[in-house]
Structure formats: C-alpha cells, structure tokens
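Asks: Sequence:
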Amino acid sequence: MHVNKTGANIWFFELFKGLHPKIVLLALTLHHKLHSLLFESSSTITRYCGTTTDHCGKGCQSTCDFKLECDKSNPCKGNACCSKYGHCGLGPDFCGKDCVAGCDAKGECDPGGFGSKFANHTKCPLNVCCSKHGYCGTTKDFCRKKTVNRPSCSAKGPMRRVVGYIEGWASTRSCDSFTPSNIPDGIYIHINFAFASIDPKTFRIIPASSKDLALYCELTRKKKINPKLKVFIAIGG
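Anchor point for the sequence shown: position 63 equals 63 in the working numbering, and the numbering is continuous, going up by one each time.
No lab work stands behind these hints: they were computed from the structure. Incorrect hints may appear among the rest.
As the list claims (entries may be wrong) - Okay, derived cross-link-like pairs now, DSSO-like style, lysine-lysine, Cα gap no bigger than 27 Å in a straight line:
| hint | residue 1 | residue 2 |
| --- | --- | --- |
| 1 | Lys67 | Lys97 |
| 2 | Lys67 | Lys77 |
| 3 | Lys97 | Lys140 |
| 4 | Lys117 | Lys77 |
| 5 | Lys201 | Lys224 |
| 6 | Lys72 | Lys117 |
| 7 | Lys146 | Lys123 |
| 8 | Lys222 | Lys211 |
| 9 | Lys106 | Lys117 |
| 10 | Lys106 | Lys77 |
| 11 | Lys201 | Lys222 |
| 12 | Lys97 | Lys117 |
| 13 | Lys140 | Lys106 |
| 14 | Lys223 | Lys211 |
| 15 | Lys230 | Lys211 |
| 16 | Lys106 | Lys132 |
| 17 | Lys84 | Lys72 |
| 18 | Lys106 | Lys123 |
| 19 | Lys211 | Lys201 |
| 20 | Lys132 | Lys145 |
| 21 | Lys211 | Lys224 |
| 22 | Lys201 | Lys228 |
| 23 | Lys67 | Lys132 |
| 24 | Lys140 | Lys77 |
As the list claims (entries may be wrong) - Restraint ranges, calculated between C-beta atoms of paired labels, are given here:
| hint | residue 1 | residue 2 | range |
| --- | --- | --- | --- |
| 25 | Arg221 | Asp104 | 24 to 30 Å |
| 26 | Pro125 | Asn74 | 30 to 36 Å |
| 27 | Pro92 | Ile206 | 50 to 56 Å |
| 28 | Pro207 | Arg160 | 29 to 35 Å |
| 29 | Lys117 | Arg144 | 24 to 30 Å |
| 30 | Pro207 | Thr122 | 42 to 48 Å |
| 31 | Asp98 | Pro207 | 56 to 62 Å |
| 32 | Pro207 | Pro227 | 24 to 30 Å |
| 33 | Leu213 | His190 | 17 to 23 Å |
| 34 | Lys230 | Ser181 | 16 to 22 Å |
| 35 | His121 | Asn74 | 25 to 31 Å |
| 36 | Asp71 | Arg47 | 21 to 27 Å |
| 37 | Lys72 | Lys123 | 31 to 37 Å |
For glycine and all other residues, C-beta sits at the position ideal for the given N, C-alpha and C.
Required output: the full structure, derived from the provided sequences and hints.
Replies: Structural data, given as structure tokens:
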C-alpha cells in the first residue's frame, strides 16, 4: 500500500477543520501513528522459500546454491522422468505432459493409476511388492505392511539333488590343479563341464581347448561308478 504524505496531510486537515484544538491534536497523533505503521509495513521484505530464479537469484537470503534434482539439460540418473518442478520419479505425475527430460521412462510395476503408458508390467516378478513409486522390492520401503511369502524347501532330511560344476582350465593350474578324477563319487547327480565353444565358420560345437577331449572321457567314466549320474557340457562362457 502506498500513501502520499502531502496528500494525506491535506486530506486530514480538511476533514477536521473547525473542530476543537484538543480533538484535532488527538486525531493528529493517531493519524501519525497509523501513517508510520503503514510506511513501516510497506518497507518490510517478505521472505518465501522456493527453487526458481526469483527465489535463488538476486535478493536470495540463504541456501542460494540450492540445485534441483534434475532439469531439461540435467536429466535424472537411471530409469526416471524429470518433472517441471525439478524432481525425479515415475508415473503420470513425473512422466506426463509436464515432463521435461527422460519422459519415456516406465515403472517396473503399476502401483495403481500408471497404466501401460507409464508401467512395463502390472505386477512385479515373483510376486514381490510394488512400491507407490513403481519399483519392485521386498523391504518395507516397497511392501509397507504387506508380508512377502518367501519360498522355502518343504522336504525334510538330506539334500536329494546336488549339482557339480567343473571348468576345463582347472586342470592346467600350477597350484591346486583339479581334474574330473578328483570329483568324489556318490555325491552329485548332475555334473556340468565348462566350456565348449562354437566354430565361427561352421558353427559346429567344438572343445574350447584341445586338451579338453581327454577331460571329457575322464568325466564320463564317472558314469561307470554311478550309472544315474548325468553329465552335461556348458557352451559359451
């Protein structure tokens, strides 16, 4: 509010013209007090918190180096959209029409209200929890009060399926060399040998090393002791 001093005084004396001097003096005192309050309040700086240049630019009082989580030239790290307010997240509030960067990101799951436009799947794999932000997990940050049913073995007693794994290069180690003959008998029901390779020209399966051929025979001889043993070979590496 702006009050012109000269105009206010002329208006004041015209209003009280002809009244008793004491009444005029009392009114004049009240007038000056009110006038001081008005001018004092008009010169007071009003302070608000915010993140725009109006708040963090010229005239900023404190924490003027504040940086937004993201913006158009500084997208969110990972799978997330940057909203017009400078915050990262998923779903329509972040990836909708007001999104400024990374707007094609989708939630791992739909907590409700995302839809196929903003979420890759309706539910999380393995029935784990979907957080309100569209991420899958098993902790309280994802599940809140929900309890995840964790699978467990129902069988009682010793293990019935034991799978072994041996790598061909283990036989060439200078220390702790290990060959198929070192595998104890009667423990494993499956043994995987690693690795076989693929001929880049013929695409036929071939040994990764010429020395592996002897190891194949050494391993399959285990079946003479345990006919139920299953031997496999892993291709790739």
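Asks: Hey, lysine 140 versus lysine 77, does the alpha-carbon distance stay inside 27 Å?
Replies: Holds: lysine 140 and lysine 77 sit about 23 Å apart, inside 27 Å.
Asks: For a C-alpha distance cap of 27 Å, please report whether lysine 67 and lysine 97 respect it.
Replies: With Cα atoms ~23 Å apart, lysine 67 and lysine 97 stay inside 27 Å; holds.
Asks: Regarding the pair lysine 97 and lysine 140, is the alpha-carbon distance no greater than 27 Å?
Replies: Answer violated: lysine 97 to lysine 140 is near 31 Å, above 27 Å.
Asks: Are lysine 140 and lysine 106 close enough, with their CA atoms no more than 27 Å apart?
Replies: 22 Å, holds
Asks: Tell me if the straight-line CA distance from lysine 84 to lysine 72 falls inside 27 Å.
Replies: The hint holds at about 9 Å.
Asks: Sort out whether lysine 211 lies within 27 Å of lysine 223, counting only the CA atoms.
Replies: Given pair lysine 223, lysine 211 holds - Cα atoms ~21 Å apart, limit 27 Å.
Asks: Would you check the hint for lysine 97 and lysine 117, treating anything up to 27 Å between C-alpha atoms as holding?
Replies: Measuring from Cα to Cα gives roughly 12 Å; hence the hint holds.
Asks: Starting from lysine 106, check that the Cα of lysine 123 is at most 27 Å away, please.
Replies: Roughly 13 Å separates the two Cα atoms, so the pair holds.
Asks: Note whether the CB distance of proline 207 and arginine 160 lies within 29 to 35 Å or breaks it.
Replies: 32 Å, holds
Asks: Honestly, do proline 125 and asparagine 74 meet the 30 to 36 Å range at C-beta?
Replies: 32 Å, holds
Asks: Does the Cβ-Cβ separation between lysine 230 and serine 181 fall within 16 to 22 Å?
Replies: 18 Å, holds
Asks: Below or equal to 27 Å on CA atoms is what counts here, so check lysine 106 against lysine 77.
Replies: 14 Å, holds
The structure does not agree with the numbered hints 3, 5, 11, 22, 25 stated previously, though it agrees with the rest.
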